[in-house]
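Protein chains: 4
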Amino acid sequence: MVNVGVIGAGLMGSTHARLLTSAVAGAEVVAISDAVQDSAATVAEEVGAGTIHADALELIADPAVHAVVIASPVATHEPFALACIEAGKPVLCEKPLAPSAAAAKRIVEAEGALGRRVVTVGFMRRYDPGYADLKARLDAGVVGAPLLVHCAHRNPGVHHFFDSRMVITDSAVHEVDVTRWLLGEEIVRVTVLTPTPTSKARPGLRDPQLLLFETERGRIVDVEAFVSAGYAYDIRCEVVGEDGTLELLPPATVALRTEHRESLAIPPGFQQRFATAYLNELQAWVASIRLGEEPSGPAAGDGYAAAVVCEAAVAALEAGRPVDVTW
Amino acid sequence: MVNVGVIGAGLMGSTHARLLTSAVAGAEVVAISDAVQDSAATVAEEVGAGTIHADALELIADPAVHAVVIASPVATHEPFALACIEAGKPVLCEKPLAPSAAAAKRIVEAEGALGRRVVTVGFMRRYDPGYADLKARLDAGVVGAPLLVHCAHRNPGVHHFFDSRMVITDSAVHEVDVTRWLLGEEIVRVTVLTPTPTSKARPGLRDPQLLLFETERGRIVDVEAFVSAGYAYDIRCEVVGEDGTLELLPPATVALRTEHRESLAIPPGFQQRFATAYLNELQAWVASIRLGEEPSGPAAGDGYAAAVVCEAAVAALEAGRPVDVTW
Amino acid sequence: MVNVGVIGAGLMGSTHARLLTSAVAGAEVVAISDAVQDSAATVAEEVGAGTIHADALELIADPAVHAVVIASPVATHEPFALACIEAGKPVLCEKPLAPSAAAAKRIVEAEGALGRRVVTVGFMRRYDPGYADLKARLDAGVVGAPLLVHCAHRNPGVHHFFDSRMVITDSAVHEVDVTRWLLGEEIVRVTVLTPTPTSKARPGLRDPQLLLFETERGRIVDVEAFVSAGYAYDIRCEVVGEDGTLELLPPATVALRTEHRESLAIPPGFQQRFATAYLNELQAWVASIRLGEEPSGPAAGDGYAAAVVCEAAVAALEAGRPVDVTW
Amino acid sequence: MVNVGVIGAGLMGSTHARLLTSAVAGAEVVAISDAVQDSAATVAEEVGAGTIHADALELIADPAVHAVVIASPVATHEPFALACIEAGKPVLCEKPLAPSAAAAKRIVEAEGALGRRVVTVGFMRRYDPGYADLKARLDAGVVGAPLLVHCAHRNPGVHHFFDSRMVITDSAVHEVDVTRWLLGEEIVRVTVLTPTPTSKARPGLRDPQLLLFETERGRIVDVEAFVSAGYAYDIRCEVVGEDGTLELLPPATVALRTEHRESLAIPPGFQQRFATAYLNELQAWVASIRLGEEPSGPAAGDGYAAAVVCEAAVAALEAGRPVDVTW
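Quick note, the sequences are listed as chains A, B, C and D, same order. My numbering numbers the first residue of the first sequence as 6 and each following residue consecutively. My numbering numbers the first residue of the second sequence as 6 and each following residue consecutively. My numbering numbers the first residue of the third sequence as 6 and each following residue consecutively. My numbering numbers the first residue of the fourth sequence as 6 and each following residue consecutively.
Treat the hints as calculated values from the structure; they're not laboratory data. You can trust all of the hints, since none of them are fake.
Identical copies go unnamed one by one, so any copy, or any two together, can satisfy a pair.
Derived pair list, reagent style SDA-like, types lysine to any residue, alpha-carbon separation capped at 25 Å: (1) Lys140 / Leu284; (2) Lys140 / Pro255; (3) Lys205 / Ala260; (4) Lys140 / Thr201; (5) Lys140 / Leu254.
Using the sequences and the accompanying hints, generate a full structural model.
This is how it looks when you write it as structure tokens:
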């Protein structure tokens with residue numbers, strides 16, 4: 006049994022705690038920490054966690070805690086991740102790994118000094134059945150060498166504090182990781198185009214944005230990042246290869262025929278769209294810990310790479326021209 | 006140029022006249038006849054037909070008329086079809102060919118006495134791109150020998166005079182022809198099951214009905230005939246073969262994503278669903294006449310066979326048990 | 006933690022043991038029993054179960070075992086289920102619950118005498134996301150009152166000992182449960198039609214079969230049961246209501262475009278098709294035990310009802326005419 | 006009856022001649038002209054055209070010819086179109102209208118001097134049922150104001166003489182017209198990105214290309230132009246609006262289930278994909294002539310605009326940076 010401590014009792018932290026308790030084999034949530042004591046208490050009671058730590062660093066140090074989930078605000082990720090590395094405890098850190106590429110790099114270097122992998126970054130899409138199937142077939146050569154990838158990332162809406170940079174760092178960051186993972190190569194150049202914004206976006210928000218990634222081997226990836234899309238949470242991905250294409254299907258399971266149309270549901274939010282992905286991510290993470298194996302999920306280096314590319318993308322957004330990614 | 010006379014200026018007759026004028030190569034509508042003079046005059050003016058015959062038999066006899074479309078009430082089909090045969094003029098007769106199997110048989114015999122095919126029956130589904138594609142692949146052996154066929158025939162609604170027998174003779178008659186055409190064999194036994202009717206149906210109307218056809222070689226076809234389905238005009242057909250299945254797709258060309266769903270339009274009526282089928286049917290008919298060839302479409306014998314099977318089906322509906330088809 | 010004993014180390018038993026160990030929260034497999042000792046030992050080692058019981062009744066009696074999964078041959082279900090009831094231990098029994106309606110009834114009566122639910126029957130489809138979504142929308146009235154249900158149950162192939170009756174008792178039994186669960190009413194009459202068998206079936210096997218269920222309130226359900234379908238494991242279900250229809254979609258997550266076609270994978274076997282259903286079924290079962298609640302899944306009475314309907318269906322198959330279900 | 010003269014007896018010319026004869030109401034092909042006499046003779050015989058003109062200008066001048074189709078090599082379009090304008094005869098000119106924007110402009114100016122529309126350009130996609138449906142719904146406001154358009158234009162392969170510029174001028178030119186038509190505004194800036202070419206392309210051919218169009222009102226359109234895609238002739242188009250998206254569906258009419266997959270055919274070539282579009286284009290053109298109305302299809306100005314944008318795109322391809330469109 007893996008005793009897990011969860012840092013952060015907000016939407017993501019409580020979701021992880023609940024899944025670990027009710028749907029993941031071999032795990033138990035034994036401790037919770039949150040800056041807001043009441044939130045910590047509520048989640049702790051719900052999942053039967055015996056201990057509440059006011060200080061997350063105490064949770065990490067708690068000998069009863071074998072492994073840590075970090076789901077606190079991004080500004081806190083670096084110190085908590087470093088503490089986990091120092092304690093040698095497996096940690097699953099929500100994306101983004103850190104608020105800057107420099108901070109992410111310090112995590113990578115600390116883990117390097119430790120000499121073994123303890124950090125996993127929560128790029129859960131790699132565990133989505135659709136993405137996993139697409140990746141498996143791509144790797145099997147079903148469509149030949151990839152040439153282009155077309156992506157769309159559409160949110161129904163975002164918080165009022167969401168700004169143009171966050172369209173990249175909070176949303177399109179997933180496509181950065183998907184690109185690197187699917188193609189197995191680095192992004193070297195980023196362009197961000199900004200069409201006339203939707204009238205539904207807050208004034209000043211560049212939404213949608215069209216990001217263009219160029220990779221080491223000359224592949225091109227276009228990403229529509231549209232966080233005020235309104236109609237649903239809709240994720241699209243088509244890989245174009247030399248012999249054909251592979252594309253995610255919407256995750257509907259039932260067709261409804263009424264009122265002159267056949268309709269398939271599109272999920273209202275990321276929680277519904279990626280419910281299975283979050284579950285599979287946690288199960289794989291716990292399984293590796295139970296087996297004493299290094300985690301196989303996204304590594305600190307993946308979190309760092311995503312941060313570097315996002316910083317280039319933000320620079321490209323602000324400059325209005327292509328920006329090379331510098332490592 | 007084939008000079009066509011159209012008998013019947015109602016929905017079907019005017020549709021045919023319009024298509025012959027505006028969308029079919031090599032045809033001209035030169036004469037119209039309808040019991041209601043005003044209807045005939047309206048359609049004649051619209052399509053530029055120079056002659057209005059008060060009497061349909063005069064239209065048939067008119068030497069300026071090379072070929073005839075019969076789209077008048079079914080009670081009149083027999084005398085008009087016989088007159089066309091007597092005149093040796095190609096005739097496209099709307100389904101059903103005649104109000105009874107006996108009447109249909111007289112048409113078959115009259116044509117037999119003439120010694121060449123002049124009658125085509127308006128089972129237009131054979132000209133629908135979907136059905137035609139399905140038939141071509143079935144004949145090519147793509148799914149092996151057919152074993153079962155599942156059909157659904159759903160109308161948005163019907164006229165107040167529509168009774169339980171007409172669910173068979175007016176709607177499911179298409180599936181009778183489709184069955185014979187797809188499988189290339191006769192139906193020998195019919196069962197009609199009547200579930201609890203929809204509350205949307207007029208009192209007394211058995212709707213939906215589930216028809217079961219057994220064929221000479223032991224294939225079974227089930228047909229949901231549901232004329233008060235409300236939501237659309239929806240036609241389904243899946244052929245199950247020894248190696249796989251072939252199924253009609255809904256004829257949508259655009260996917261709309263709004264309001265948490267992806268939706269595809271289903272046509273509101275048969276006119277929209279089978280618009281291309283009606284056009285192809287007329288074009289093929291006119292083309293055969295221009296070339297002086299015998300028509301290749303559904304023959305008088307197909308109209309007769311459909312009538313025989315429908316009479317057995319009506320008997321099965323009334324008897325509440327399987328009824329053998331007798332020829 | 007729920008300590009589970011698993012009876013049967015074959016395909017289903019080992020699958021359940023593996024899922025309980027690697028993917029279900031709150032369960033541990035502590036004991037295994039199988040008539041074949043080697044099979045039991047292999048599975049026990051794989052899942053870390055400490056005890057192997059040569060005699061399944063000993064496993065049931067083992068105080069370290071809190072709950073039991075029965076996945077042994079159907080002939081053994083009755084005595085094992087009765088022993089679990091006697092011991093007052095929650096038991097998840099694979100379908101069919103018992104080899105005869107009479108045997109199933111004895112289980113229902115024994116549980117009745119106990120005074121609380123301990124038996125759950127493995128009709129896992131109720132836990133499939135597609136079926137669950139369809140049921141939820143049907144209950145929400147999205148398509149109005151149901152009138153008809155069209156089902157297809159296609160297996161790629163079956164063992165050489167599979168006979169015509171087993172097409173009903175082993176395959177279509179799932180549709181019996183689905184019908185009762187979706188419509189919330191009993192089946193009162195069954196007809197079985199037997200088209201010409203596929204040439205791929207073993208001589209003597211009536212395959213496919215077309216089953217027709219009539220329910221208390223006059224709904225009709227048609228079920229194509231086709232166990233030598235060859236091409237895939239394919240399950241279809243469309244509910245036709247007064248205002249529209251609801252239909253299961255194939256469970257593909259990726260579209261592949263190559264060689265002049267777009268293609269979606271259909272699972273090769275029931276294990277792939279219902280992997281999530283099996284997992285959800287076990288998780289719900291374990292959760293109810295952890296919470297000390299009665300199980301909410303299919304009950305002994307559902308197993309009994311399915312057996313009664315299947316016996317009527319077998320009688321209908323053999324008689325070649327409709328048979329009323331007698332309780 | 007409209008007497009049509011067809012210039013060019015190659016693939017497009019013979020296709021048009023055949024359609025006019027066998028599938029378009031109200032037209033007759035009376036004359037053919039081709040630089041290769043034998044080709045002209047073959048087509049003339051097939052469609053029953055009585056006259057063969059060795060010189061296309063004679064065909065245009067022929068008083069028996071009411072209207073002209075130009076389907077000869079693009080180098081000849083300008084003189085033939087100008088002759089038609091001079092003769093005041095309706096002309097349907099295959100795309101591109103002329104080999105250069107300057108040449109296209111001369112045609113526009115000549116027609117302007119004539120004072121009425123006689124030129125229609127063969128951008129047949131506007132007549133495709135899918136595109137037409139998408140346009141109608143977009144104009145009806147179903148998805149709100151358009152923000153982005155994602156297009157893909159994939160050919161199975163191209164002739165050996167196809168060069169990187171032709172990917173734009175011969176293939177993506179259709180998307181130029183589609184963009185202008187769907188959005189109702191001009192393209193003002195073009196970027197062309199060139200990923201690593203497919204190994205299936207001839208050495209030196211930049212294939213695929215990713216074109217980016219920016220419009221007057223700040224919409225962005227991305228176009229994958231991939232002429233060695235191999236697997237099919239596949240056309241994709243998704244318009245992203247403020248309230249949802251509209252997307253072309255593949256034109257399949259039948260689903261095949263075999264060998265562990267459901268598959269839908271994708272057409273092998275543009276002839277199959279746009280068969281209905283070509284037919285509708287000709288029918289609408291002939292109908293306007295019969296009615297004595299000005300043509301409603303793509304005008305000379307549309308041909309000129311497409312040429313101007315393509316020249317900017319070729320410049321962008323060669324320069325490797327965005328190029329403004331200058332009129």
